[in-house]
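Enquirer: The primary structure of each chain is shown beneath.
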Amino acid sequence: MGGWIVSGLVYGSIVALGALGCSYILLIQRYFNFTAAPWLALGAYFAWSMMRVLPQWRGLELIIAAIVSMVALGIVMTVADKALFKPLRKRGAPFMFFYLTSFGLLFVVRSIIWIIWGPQAKYYYSGASVGIKGPWGIMVTPAEILTLIVAVVVVATLYFFQYRTKLGRGMLATSQNSMLASVCGVEPETIHTTTTMIAGFVTALAGILYGLTIQVRPLMGWYILLGIFVCVVCGGEGAILGTLAAGYLVGIAEEVGSGLIQIPLNFWGISIQMSAYKVAISCLLFLVVIYFRPHGVWKGTFLER
Amino acid sequence: MVKEEKMILETDKVTAGYGGVDVLFGASIKIKEKELAAIIGPNGAGKTTLLRTISGVLSPRKGEIIFKGEKLNGKTPRERLALGIGYIPQDDKIFPKMSCIDNLRMGAYTLPREKFSEMLEKVYQLFPILKERRNQTAGQFSGGQRQMLAVARALMMEPEILLLDEPTSGLQPSLVKEVLDKVKDLHQQGMTTLIVAQNREALEIAERAYLIRAGQVVLEDTVEGLLDNDQVIQLYFGG
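Sequences listed follow chains A and B, in order.
Under our numbering, the first residue of the first sequence is numbered 50, with each subsequent residue one higher.
Under our numbering, the first residue of the second sequence is numbered 547, with each subsequent residue one higher.
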């Protein structure tokens, strides 16, 4: 059980980071960023390519590759925003157009990834990762420990940025009332650019951590997109701390749920590996949350605490 | 009579609207320095559209807006704010999920950090209730307190003109007087104010008023003159 919980927390941390990126876009630009799935993969591939050219030295190459990848994805997403979504904003287009554009972009980015990097799975480091034995005999790999720490640090940093900086307050204000924010002197395009850059940073980071703990593959974003979607809904549309908690909830529900269901399946000799159907638990969680708490598990929306 | 005095704000034949639909059709008004002017008119006449066009939320399709001799066309709301135009919308005038102090911080968004405390003290002197409730979420405020917070938020930038869109809309009668008294106080302290008045009480605090109908300014008169016009009063304020 302890192992499942740790795996759930690790997976939940990755999902939460991806969900934060989606939440920012959802709250400021008012559409669900379906492209999050291939963006996440693109961020992971950027880092993988960087790692191929950097000399290995005590993991520093990973840190450099991660930073470059985060910035690169932020820039690519911002360019896409300015080229595709800004004209829609300027025309006051209905939000269905934003969703359709996001959906179309998803296939374009996915195809680009397949063309450049191919369908094979890739790894940041060759060889199996050596686990560290923790309390109650739980085995944790260094990558998993890193994932847990990075998620908490990123969430704390975003929290500080949101509530202690002028730009963060401008984003909060824009999410609540963009017209009033603009008459207060907030430049909407600055907010859109900042939002997209932050979304790019955290999405790339989610991709890198997924690649580090599992593997880098073209469809990696697809596997966790539903988890991200559930996390955004459970987190209360962008509550920063709520999103991390929701990520943990999704991760633990998937790991513990699939593990518990596997026990009777094994007992009755049914040859189904529940680990392949973890996403069904996210679906179930999503339906339960939407039915009972449509505004999120935690009270509050719109970048609230 | 109007032309002889110094004008702070002029709209010259402004046409504006939303999407493909025009709401204002060549609206022209002139606001004198330190005066309290009102705009009246039926719903959908273009009063809010005119204020939005002046504040920069909406771009005019035709015509000019001149503030202190400077043409505002093409300037962003932020640039207009820096020039001294403070705007308080009719609805959604506060950030309901932010605390009172954070709303005031938003009012001072472009203000240098070192001036913030000074301005905060000034608005607290004008609206002591806001100091008492500075950490309370603005969404929990009453209608009157929300309006005061909205005015205080706009005052954080020390505007030269305050554009108030129906400030007493939806308020109970006792609060209407309280809010209008504050607007009057501000005007007596030298604040140029343009108020969209939807009731007689709001019109009475003004010195001069414009009547807008179907997107055009159809009448300009002193408030006394308008109040003597039974037809106008009957039509727009119900007697």
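For the record, the hints were derived by calculation from the structure and aren't laboratory data.
Please note that the accuracy of each hint is not assured.
[As the list claims (entries may be wrong)] Pulled a few chain B residues facing chain A out of the computed Cβ check, cut under 8 Å:
1. Met553
2. Arg607
3. Leu629
4. Gly630
5. Tyr633
6. Ile647
7. Thr656
8. Tyr782
[As the list claims (entries may be wrong)] Calculated Cβ distances over 12 Å to all of chain B for the following chain A residues:
9. Met99
10. Pro136
11. Ile161
12. Lys171
13. Ile198
14. Tyr212
15. Cys233
No residue lacks a Cβ here, since even glycine has one placed at the ideal position from N, Cα and C.
Enquirer: All hints, please: hold or fail.
Expert: Here is what the structure says about each hint:
Look at B:Met553: its Cβ only gets to about 23 Å from chain A, farther than 8 Å, so that hint breaks. The beta carbon of B:Arg607 is not positioned within 8 Å of any beta carbon in chain A (closest approach about 15 Å), and the interface hint is therefore violated. Annotation: interface hint on B:Leu629 violated; nearest CB of chain A at approximately 12 Å, more than 8 Å. A hinted interface residue such as B:Gly630 counts as satisfied when its beta carbon comes closer than 8 Å to some beta carbon of chain A; here the least separation is about 12 Å, so the hint is violated.
Taking 8 Å as the C-beta cut-off, the interface hint given for B:Tyr633 holds, the closest approach to chain A being about 5 Å. For B:Ile647, the interface hint is violated, since its Cβ never comes within 8 Å of a Cβ in chain A; the closest pair sits about 11 Å apart. The beta carbon of B:Thr656 comes within 4 Å of a beta carbon in chain A, closer than 8 Å, and the hint placing it at the interface holds. Interface hint status for B:Tyr782: violated, as the beta-carbon distance to the closest one in chain A is roughly 26 Å, over 8 Å.
For A:Met99, the requirement that its beta carbon stay farther than 12 Å from each beta carbon of chain B is met, with the minimum near 38 Å. With a closest Cβ-Cβ approach of about 16 Å to chain B, A:Pro136 is found to remain outside the 12 Å limit, as its non-interface label requires. For A:Ile161, the shortest C-beta to C-beta distance to chain B comes to about 36 Å, beyond the 12 Å cut-off, and the non-interface label holds. For A:Lys171, the condition that its CB be more than 12 Å from all CB atoms of chain B holds, with the nearest at approximately 43 Å.
Here A:Ile198 stays apart from chain B, with its beta-carbon at least about 30 Å from theirs, past the 12 Å limit. A beta-carbon of chain B comes within 12 Å of the beta-carbon of A:Tyr212; the shortest separation is about 9 Å. With a least CB separation of 5 Å from chain B, A:Cys233 falls inside the 12 Å interface cut-off, contrary to its annotation.
When the structure is compared with the earlier hints, violations turn up for hints 1, 2, 3, 4, 6, 8, 14, 15 and for no others.
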